[in-house]
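Enquirer: Starting from the given sequences, assemble the full structure and let the hints guide the process.
Number of protein chains: 2
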Amino acid sequence: MSLTIGVDVGGTKVAAGVVDDQGRILEKLRRPTPSTNPELTAGVIAEVTNLLKAKYADVSAVGLGAAGFVDETRSVVLFAANLAWRDEPLKQKVEKLTGLPVVVENDANAMAWGEYRFGAGRGEEHVVCVTLGTGIGGGIIVDGRLYRGRHGIGAELGHVRVVPDGRRCGCGNRGCWEQYASGNALSHEARDLARVEPGRAARMMELSGGTVEITGLAVSQAAHEGDPAALECFDTVADWAGQGLADLTATLDPALFIIGGGLSAVADLFLDRMTKVYTESVTGRGHRGIAEIRIAELGADAGIVGAADLARQQ
Amino acid sequence: MSLTIGVDVGGTKVAAGVVDDQGRILEKLRRPTPSTNPELTAGVIAEVTNLLKAKYADVSAVGLGAAGFVDETRSVVLFAANLAWRDEPLKQKVEKLTGLPVVVENDANAMAWGEYRFGAGRGEEHVVCVTLGTGIGGGIIVDGRLYRGRHGIGAELGHVRVVPDGRRCGCGNRGCWEQYASGNALSHEARDLARVEPGRAARMMELSGGTVEITGLAVSQAAHEGDPAALECFDTVADWAGQGLADLTATLDPALFIIGGGLSAVADLFLDRMTKVYTESVTGRGHRGIAEIRIAELGADAGIVGAADLARQQ
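Protein chains in written order, with this note's numbering: chain H, 1 to 314; chain A, 1 to 314.
Hints should not be assumed to be uniformly reliable.
Claimed, not checked - Some chain H residues flagged as far from chain A (calculated, every beta-carbon gap over 10 Å):
id	residue
1	P89
2	T251
3	K276
4	Q314
Said to hold, decoys possible - Have a look at the derived ranges for each label pair, beta carbon to beta carbon:
id	chain 1	residue 1	chain 2	residue 2	range
5	H	R86	A	D87	48 to 56 Å
6	H	A267	A	A202	32 to 40 Å
7	H	K55	A	V163	53 to 61 Å
Since the hints were derived computationally from the structure, they do not count as laboratory data.
Cβ coordinates follow ideal geometry from the N, Cα and C atoms, glycine included.
Expert: Okay, structure coming up:
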């Protein structure tokens, strides 16, 4: 049996797992990310890898899903918004510290690959994975291969502009899709509403410790209770999400969208409306096939499973 | 020497050519398109094909570049905005009338393939071709292959929404990119300007027969004369074009954009500004490689050359 290790390296945590060739995780480890120091980050990745390797002697390679821009050779993290990586030779460092061959991949790409191989995308060849989390990540599978683009930085779907002169984005631009259709966008809607209609937002504020700094979790809980203001926030996010999928269809015409990320755990609150808006917004509708929309199946493990499988395929 | 015939079938004309395996056109024929009658359209395609075949006996196949949605089997035109095709079995009809194997492809895809194989895209593997004509067409080359999407309808780049509740589009939606960055968009800007500031638009109106129905040609001529209002119209279109390329880069991260279509003939009036806006708008700029932008080389022949080559490769 061929085993590889997948490591999901985000801004707050490093999650690693030993994965078999059927995408099953045999064992997992988790550490906080020392995000401000690249040497310590590499050290933690190596630590969890070596611990797992010591226990599973036949591990043959390591795949890293890294929250940043990864170069086309899948070796160097060029830039990361939430970690201190700048032109970081991550592959080289972790190979030196572990003695195993390493593949580095963008974290959203790794998740998409995991879902494509072992989750909601099994059996499809044209898949676009959209991760609705704090922001929006993306991964594209074309003819059964991960699409990386010329410089390794494809599928940054959250940074397509959807509103001219729109909301500021952490990427330095304005109007990016992730400012309108993510978990952060959900909070943004709720806080906006609380600012101008505090009475209507009372339940969401109550669930956020009595402040207008309403969290996505509070919006979800209130919406599940039937709170009309919270449901309205979800509707707004669903509309932006559905329109974005329609725009991606104009460009990519996939067979399938997989919706992952934190918001996918509360898909009951937006999936129907998002799908309706998508269906009604696709260009050429009525004369063409459109994509199916499915919710991701692997949850938070998708990145580990995908990174491990990419390492196996290298 | 292997010869194939490429036919570019648009709403107004059918242009056919015999093409060799180096992408050279040996002979061309042209007919008006009987666009309201699918039988007559197929008849004209067959007529020009048979005339060329009679003269070049070793022609082995026909490629059709059709202005419409083409299904994933490259046989049926599902829908066309400017022709009467609805689920039209074009491959079958033309094969019957010519006795040659036929491949049907979307016209913008055929143009992109022509430029990729024998024009501005030679040697690149990740190319996005953007045709700025009356509207905007697109073609995507991934790893040296034409990207068609699951249903054959990928790369409809002109129908990505760039302005919520924006200008009406012929596709039934609002705010599509082609309403802001095409030849029609150029006229739209000029007419808008003439409506509110007729004095400033005087030269463009003069060149359009004294009416406010300013043509794209009039804007180009006035701009070449240095008319400030015409130059302003080009600037506006350049800004929308550059932003659109930045958005495509977020999704596709190509090595190269090829700009074709009617507007590419006056690239001197917008290329610099479009490239500047593109460079300044790409997400993650400063931390990543970005695409080169080149003007198409094959002009109006790209569709013929591309369709013929796709037929050869079938």
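Enquirer: Any hints this thing doesn't respect? Which numbers, in order?
Expert: 2 and 6
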